[in-house]
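Chemist: Chain residues, written in single-letter form:
Protein chains: 2
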Amino acid sequence: MVNGSQQALDLCARLLLDPGDEAAVEEPGYPGAKQLFLAHGAKLRALPVTDSGIAIDGVSALTKLVHMTPSHQFPTGVSMSLARRLEWIEWARTHGAVLLEDDYDSEYRYSGPPLPAMHSLADGAGIIYIGTFSNVMFRGLRIGYLVVPKELIEPFRIAKWMADRHSPLVEQAALADFLHDGHLERHIRRMRRLYKRRRDVLLEALDRHFGRRAIVRGDAAGLHMTVRFSGAGDLQARAERHGVGLSSTDIYYFSRSVPNEFILGFSAETERNLREGIRTLVR
Amino acid sequence: MVNGSQQALDLCARLLLDPGDEAAVEEPGYPGAKQLFLAHGAKLRALPVTDSGIAIDGVSALTKLVHMTPSHQFPTGVSMSLARRLEWIEWARTHGAVLLEDDYDSEYRYSGPPLPAMHSLADGAGIIYIGTFSNVMFRGLRIGYLVVPKELIEPFRIAKWMADRHSPLVEQAALADFLHDGHLERHIRRMRRLYKRRRDVLLEALDRHFGRRAIVRGDAAGLHMTVRFSGAGDLQARAERHGVGLSSTDIYYFSRSVPNEFILGFSAETERNLREGIRTLVR
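Residue numbers (my numbering), protein chains in the order written: chain A, 2 to 284; chain B, 2 to 284.
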């Protein structure tokens with residue numbers, strides 16, 4: 002048990018990376034992982050995300066650790082294909098590397114069958130599975146967890162003890178009760194219906210107002226999708242002047258980013274707000 | 002705000018120590034600091050604790066960081082004298098070193114006037130002050146804090162953000178209310194009276210049953226004292242056979258430890274238990 006997925010990543014970096022080691026990350030990808038690995042002195046290799054998930058072609062034999070978000074890639078929302086998952090597992094096995102399966106957003110899936118976690122596919126070998134309760138509960142709660150190969154349990158236990166002894170017990174006890182009594186399952190079921198309605202409203206509004214000028218990715222799962230608007234000039238600044246906040250994907254790219262590509266989160270907005278936002282945007 | 006004093010120490014080590022750097026610690030001293038600095042690749046210098054606190058003589062000009070517990074040295078319970086505090090502050094100023102003032106146990110003082118924190122004596126220059134609520138509240142609560150020189154605020158903020166974003170908000174909000182409404186102050190006042198009675202009972206029992214065969218240190222403050230029993234053979238094993246648990250100071254020494262020196266915590270025991278324990282011990 003750790004303080005959210007960020008501490009899980011930090012413990013992995015502390016135990017598995019030495020300065021100068023090579024680590025691979027998704028491009029575009031989660032800044033929390035990139036900044037952390039750089040702070041640990043790692044050399045980063047950015048691997049592009051295709052429609053099947055993080056590409057395996059560009060990986061080097063020197064890479065010791067790969068950070069990936071297979072359920073709902075951050076930020077694109079792409080779900081890694083079964084074939085790609087198996088390729089990565091095979092690659093990690095061959096090279097003795099570790100895959101960090103950061104499953105930050107696996108609970109909400111709206112269409113298509115859920116794929117098995119890489120951790121289960123590989124029977125745990127070479128995979129560190131990272132989960133968090135921040136997304137399904139609330140972000141002020143700092144409870145995440147790691148599932149590590151058996152031989153790493155003891156080093157991780159000691160590293161956590163040295164870092165901050167243990168995570169707060171009151172929240173862990175409350176969460177355990179919440180789980181045991183079935184509330185979390187009910188909560189996720191209820192939220193899945195609610196979020197799906199909001200997602201559908203957003204997709205519908207995008208389709209009606211933008212049609213083919215809006216290219217949507219990653220809408221099959223999670224709490225956000227990415228949308229690329231074509232031929233729109235500097236959409237973000239103009240939208241902001243009219244009260245619509247847009248979150249660009251810029252900061253998730255290492256080098257060249259994609260113009261007018263945005264993260265559209267739908268879980269925390271009313272259907273009415275989502276409809277009005279898109280209407281304002283098209284105007 | 003951090004997850005207890007252990008995370009405060011870890012952030013200090015991460016930001017202020019490079020592998021091979023020299024750090025000084027108290028002998029005997031807190032294992033949580035020693036193990037952590039070693040894990041960060043530091044070379045440790047152990048400085049003996051005298052009746053005025055951690056000795057300054059043996060410190061080297063290369064030392065970058067000194068860990069100290071001036072209010073109630075752990076484990077001896079010695080309180081650092083004003084003169085020694087000023088010497089250390091002057092030394093740190095001259096050498097551009099940092100003193101970690103670990104004030105884990107400053108709230109309970111039973112006799113003599115409280116000394117000003119080194120942090121206030123030095124007006125914050127060269128001192129990082131570490132405080133915790135674990136001792137005055139309960140250990141399952143992981144809330145501690147750091148007061149760092151102005152120029153270090155930003156690096157510490159970033160390091161904490163990378164390590165685990167932030168500490169849990171629910172407990173922080175509850176603790177803030179508890180503080181603002183004056184409950185913490187009342188709680189400490191009430192506990193000080195209770196702990197003082199227990200301490201007095203323990204001192205009295207030691208005096209009656211052991212007299213000069215028990216040498217007591219560090220009873221002016223905190224939740225424990227250290228006691229050295231003379232001419233007693235292997236007291237610990239024999240005490241355990243009779244149901245009295247004794248916590249040796251062995252593990253707090255680097256090299257030679259003091260035979261039959263024990264930490265006697267009195268805050269969590271009833272007066273009756275304390276009296277009976279000492280009676281059993283003398284038998």
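Since the hints were made in silico from the structure, they are not lab data. Just so it is clear, the structure is predicted and the values come from calculations on it, not from any experiment. Treat the hints with caution; some may be incorrect.
Because identical chains share one entry, a pair is satisfied inside a single copy or across any pair of copies.
What the hints assert, rightly or not - Straight line, CA to CA, 30 Å or less: simulated DSS-like cross-link-like pairs of lysine-lysine:
id : residue 1 : residue 2
1  : K151      : K65
2  : K35       : K151
3  : K65       : K197
4  : K197      : K161
5  : K197      : K151
6  : K65       : K44
7  : K44       : K197
Chemist: Going through the earlier hints one by one, which of them does the structure break, listed in rising order?
Modeler: 3, 4, 5 and 7
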